[in-house]
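Visitor: Letter by letter, the chains look like this.
Protein chains: 2
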Amino acid sequence: MNIIAELSNLLGEKHVLTGADVLAYSTDWTGKYTSNPLAVVRPLDTQQVSEIVKLAAANRIPIVPIGGNTGLTGATMADGAILLSLGRLNTIREMRPEARIAIVEAGVILSNLHTAAAEFGLNFPLTFGARGSAMIGGNLATNAGGSNVLRYGNTRALCLGLEVVLPSGEIMDLMSELHKDNAGYDLRNLFIGAEGTLGIITAAVLKLVPKPAAYGTAMVALASLSPALDLLNKLQISTGGAVEAFEFMPASYMELHAELFPNARAPFEKIHPVNILVEIGATAPRDTLPNEVGEIPIVDLLENALADMIETGEILDATVAQNETQRIEMWQRREQAADLAFHKKPFVNCDISVPLDKVEVFILEFENRLALIDPAATTLYVSHLGDGNVHPTIWPSSASPELEERIIEALEDVVSDLRGSFSAEHGIGISKLGSMARQKDATAIATMRAIKSALDPFGIMNPGKVLP
Amino acid sequence: MNIIAELSNLLGEKHVLTGADVLAYSTDWTGKYTSNPLAVVRPLDTQQVSEIVKLAAANRIPIVPIGGNTGLTGATMADGAILLSLGRLNTIREMRPEARIAIVEAGVILSNLHTAAAEFGLNFPLTFGARGSAMIGGNLATNAGGSNVLRYGNTRALCLGLEVVLPSGEIMDLMSELHKDNAGYDLRNLFIGAEGTLGIITAAVLKLVPKPAAYGTAMVALASLSPALDLLNKLQISTGGAVEAFEFMPASYMELHAELFPNARAPFEKIHPVNILVEIGATAPRDTLPNEVGEIPIVDLLENALADMIETGEILDATVAQNETQRIEMWQRREQAADLAFHKKPFVNCDISVPLDKVEVFILEFENRLALIDPAATTLYVSHLGDGNVHPTIWPSSASPELEERIIEALEDVVSDLRGSFSAEHGIGISKLGSMARQKDATAIATMRAIKSALDPFGIMNPGKVLP
Chain A
1 MNIIAELSNL LGEKHVLTGA DVLAYSTDWT GKYTSNPLAV VRPLDTQQVS EIVKLAAANR
61 IPIVPIGGNT GLTGATMADG AILLSLGRLN TIREMRPEAR IAIVEAGVIL SNLHTAAAEF
121 GLNFPLTFGA RGSAMIGGNL ATNAGGSNVL RYGNTRALCL GLEVVLPSGE IMDLMSELHK
181 DNAGYDLRNL FIGAEGTLGI ITAAVLKLVP KPAAYGTAMV ALASLSPALD LLNKLQISTG
241 GAVEAFEFMP ASYMELHAEL FPNARAPFEK IHPVNILVEI GATAPRDTLP NEVGEIPIVD
301 LLENALADMI ETGEILDATV AQNETQRIEM WQRREQAADL AFHKKPFVNC DISVPLDKVE
361 VFILEFENRL ALIDPAATTL YVSHLGDGNV HPTIWPSSAS PELEERIIEA LEDVVSDLRG
421 SFSAEHGIGI SKLGSMARQK DATAIATMRA IKSALDPFGI MNPGKVLP
Chain B
1 MNIIAELSNL LGEKHVLTGA DVLAYSTDWT GKYTSNPLAV VRPLDTQQVS EIVKLAAANR
61 IPIVPIGGNT GLTGATMADG AILLSLGRLN TIREMRPEAR IAIVEAGVIL SNLHTAAAEF
121 GLNFPLTFGA RGSAMIGGNL ATNAGGSNVL RYGNTRALCL GLEVVLPSGE IMDLMSELHK
181 DNAGYDLRNL FIGAEGTLGI ITAAVLKLVP KPAAYGTAMV ALASLSPALD LLNKLQISTG
241 GAVEAFEFMP ASYMELHAEL FPNARAPFEK IHPVNILVEI GATAPRDTLP NEVGEIPIVD
301 LLENALADMI ETGEILDATV AQNETQRIEM WQRREQAADL AFHKKPFVNC DISVPLDKVE
361 VFILEFENRL ALIDPAATTL YVSHLGDGNV HPTIWPSSAS PELEERIIEA LEDVVSDLRG
421 SFSAEHGIGI SKLGSMARQK DATAIATMRA IKSALDPFGI MNPGKVLP
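Note that the protein sequences, when read in sequence, are chains A and B.
In terms of the UniProt record's numbering, the first sequence is residues 1 to 468.
In terms of the UniProt record's numbering, the second sequence is residues 1 to 468.
Be careful, since some hints might not be right.
Same chains, same names: a pair is fine if it fits in one copy or spans any two.
Each computed BS3-like pair below joins lysine-lysine, with the alpha-carbon atoms no more than 30 Å apart [stated by the list, open to error]:
no., residue 1, residue 2
1, Lys207, Lys234
2, Lys32, Lys344
3, Lys211, Lys234
Please keep in mind that the hints were generated in silico from the structure rather than gathered at the bench.
Owing to the predicted nature of the structure, the values given are computational and were not obtained by experimental measurement.
Using the sequences plus the hints, can you model the full thing?
Guide: Now the structure itself:
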């Protein structure tokens with residue numbers, strides 16, 4: 001019996017897609033990567049994932065897991081492989097508000113978990129533009145970051161336990177619900193961020209946090225990044241670390257956004273060099289009127305801090321959201337970053353991090369280097385400034401893989417000089433294999449390879465990704 | 001040339017101890033574990049560690065790293081092995097207050113790092129009783145916890161980068177200084193908590209946090225643990241998560257402490273069932289007088305919260321530290337836990353965690369089970385209640401390894417029923433090998449073994465520890 005028939009026996013025919021039906025899975029959402037999977041399979045539960053992997057292992061057929069297909073690195077490209085969609089493992093197994101945990105399957109869509117947690121006044125504080133499609137399994141596989149890492153950490157920091165199907169098909173139970181658990185090697189963090197190359201994450205125990213009772217959200221205009229960092233530090237001190245997001249959009253971002261979204265209401269009358277979207281989240285009792293211990297509402301606290309810095313001239317202009325509609329407007333502008341970045345081709349989209357006081361010098365240095373390589377290239381930057389994480393997009397003057405690679409190498413060199421990382425929150429996939437080979441410690445790569453060989457001796461799990 | 005001569009050539013004779021000189025290293029500090037190392041070596045730097053490991057690998061001689069010798073699980077017992085002391089790698093390579101990081105070698109004593117950070121108004125927020133001897137390398141090797149995990153996380157959460165000497169002697173550079181870094185598998189977390197079985201940690205990039213400008217510290221007496229958790233939740237909400245420590249000592253702890261330390265000033269006139277040491281840390285501006293935005297000092301905030309619950313009868317009594325001397329008194333009582341636990345032999349000391357609302361039922365259930373096994377046994381509990389982490393000490397009625405094992409198995413069973421962990425913050429060493437074999441997922445153990453074999457094919461790195 002051939003493999004397709006065996007898979008159909010296992011899952012039912014309608015959950016094994018071949019031929020024209022796999023087209024929807026053949027291209028990533030940016031249109032940059034395409035591949036030709038052998039078949040797309042849609043298991044219902046962990047047991048079926050295990051059976052599929054056993055079948056793949058027995059036949060030495062590569063297997064590539066896929067969630068919401070919102071990745072940016074080509075990590076789910078699957079030529080000749082079984083593409084395993086986690087989409088039907090979409091059950092929230094348990095919501096335990098008193099323990100502040102959610103036990104969820106890998107196919108749960110991120111925004112669905114937000115909705116489920118909000119019913120208990122809680123939040124799963126991982127968020128980014130693609131939250132309406134991205135799935136928890138993909139978030140874990142890539143150790144996704146996003147806009148609230150500053151306060152809550154990345155996906156890794158939000159995960160207590162995992163269930164993993166190993167390359168052998170065995171199911172590994174690491175579903176700890178504990179904040180302190182030192183029972184042996186930290187396998188959980190090894191599988192988080194491994195992009196499906198060591199096994200398939202099928203479920204997780206995730207931390208929930210109190211949903212802020214109120215937000216203070218503002219757009220702030222400044223002349224440069226240095227006073228922006230002052231603002232961040234002042235707000236962190238006065239709120240005891242309640243800054244949820246601190247996002248940077250330069251003038252060029254504001255201009256392109258106004259061009260592509262002409263109906264969006266601009267935050268300021270003119271375009272300023274540095275624009276910050278800042279958001280503070282308040283737990284009670286800072287959310288309402290001044291209370292019995294004399295505390296003030298979060299919006300007032302934000303306005304006071306901004307007013308002080310407007311008076312000293314450090315801030316050029318500021319708009320505080322007065323209601324949820326205005327807050328959503330501010331966030332939309334930031335979350336349309338992908339629409340801006342991918343609105344013309346060819347593009348090179350990057351994801352780097354540097355110490356946060358080095359973001360300004362990073363941009364200056366890279367622009368200098370780029371001018372030497374491709375003077376006609378144009379660029380766009382957007383940054384989770386509070387994490388030192390920058391997403392440069394470069395539109396080269398011509399479509400040339402060789403030119404793209406030279407641009408990426410120049411970018412890496414600048415990052416490396418600043419002790420940064422060429423991969424901050426998107427992962428490696430296939431797009432950064434060259435960077436891994438050039439930039440990562442060779443002993444570290446050899447160690448990763450040894451682990452990969454030990455856990456996946458036949459090399460069937462998402463081959464050709466992560467490791468150069 | 002024999003191995004001792006080769007080591008002496010490498011390090012100088014006075015840094016290779018043999019014979020009677022190794023006696024000081026032969027026994028752990030609790031006196032529970034003893035071993036007979038081949039030699040104790042004291043390298044000066046990472047390069048020398050690398051050379052020693054290469055020599056050990058070439059000769060297939062086991063090698064066991066040791067820091068401050070404050071572990072509780074026998075993880076540094078080293079029969080016939082080279083015991084490698086990290087004590088001379090005690091340089092703080094860099095203090096970078098603006099980036100809030102410290103780059104330190106493995107032999108830096110924890111309290112020395114506290115002192116160095118305090119000079120910049122910062123803190124490395126890992127702390128526990130043995131901080132005056134424990135070294136950073138050991139903290140990392142065991143993923144140490146302690147009293148402030150509630151607010152700041154365990155050692156793993158406080159580490160950004162590592163330098164590791166692998167079992168081959170190669171030096172691996174994972175010294176990232178970034179909060180977002182997704183460049184390949186998370187090797188850092190694999191080596192943290194591996195207790196020297198995968199390699200030797202020689203240096204690390206550690207996170208620093210603002211040192212609270214003021215503390216609110218109190219001893220609180222309650223009738224049971226349930227209102228204690230209410231108190232914790234109330235304080236977390238009113239301070240926005242600024243509770244640094246929430247430590248539980250039952251009546252029996254207070255009684256034994258009064259007996260062993262008769263000169264210590266008791267916090268209350270009588271002994272109460274539940275005694276909590278709570279500490280809140282304030283960043284400015286909550287530290288001084290009510291400020292321009294109407295906020296109140298941290299001590300008043302704590303007193304207000306306690307007064308409310310005294311009025312409703314939830315709290316029986318409370319004492320707030322009025323100065324640093326009183327604060328230190330409160331902490332001393334808690335940090336003398338080891339003196340209490342080890343004051344008579346034989347003892348069984350344990351380190352478990354359960355969901356925090358299960359601590360009460362854990363103690364009740366275990367006492368019931370213990371009464372069936374050894375009715376004359378006595379017990380002591382102390383708990384990082386905010387983490388659900390309990391340290392039970394059992395004094396069996398007789399010295400019998402078989403009886404000890406039955407007690408531990410009963411304890412494990414209760415913990416397992418409550419979805420807890422048999423190892424919360426002390427690690428496995430040799431003391432919990434039986435627990436690992438009985439309680440840990442078999443697939444997880446097989447995966448750990450595969451990683452161990454891949455990275456340490458000759459099995460020379462701290463053999464016989466962690467993996468059953």
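Visitor: Each hint should be assessed against the structure and marked as holding or not.
Guide: Status of the hints after comparison with the structure:
no.	hint	result
1	Lys207 / Lys234	both (28 Å within a copy, 20 Å between copies)
2	Lys32 / Lys344	within (12 Å within a copy, 69 Å between copies)
3	Lys211 / Lys234	both (23 Å within a copy, 15 Å between copies)
This entry satisfies every hint, going by the numbered hints stated previously.
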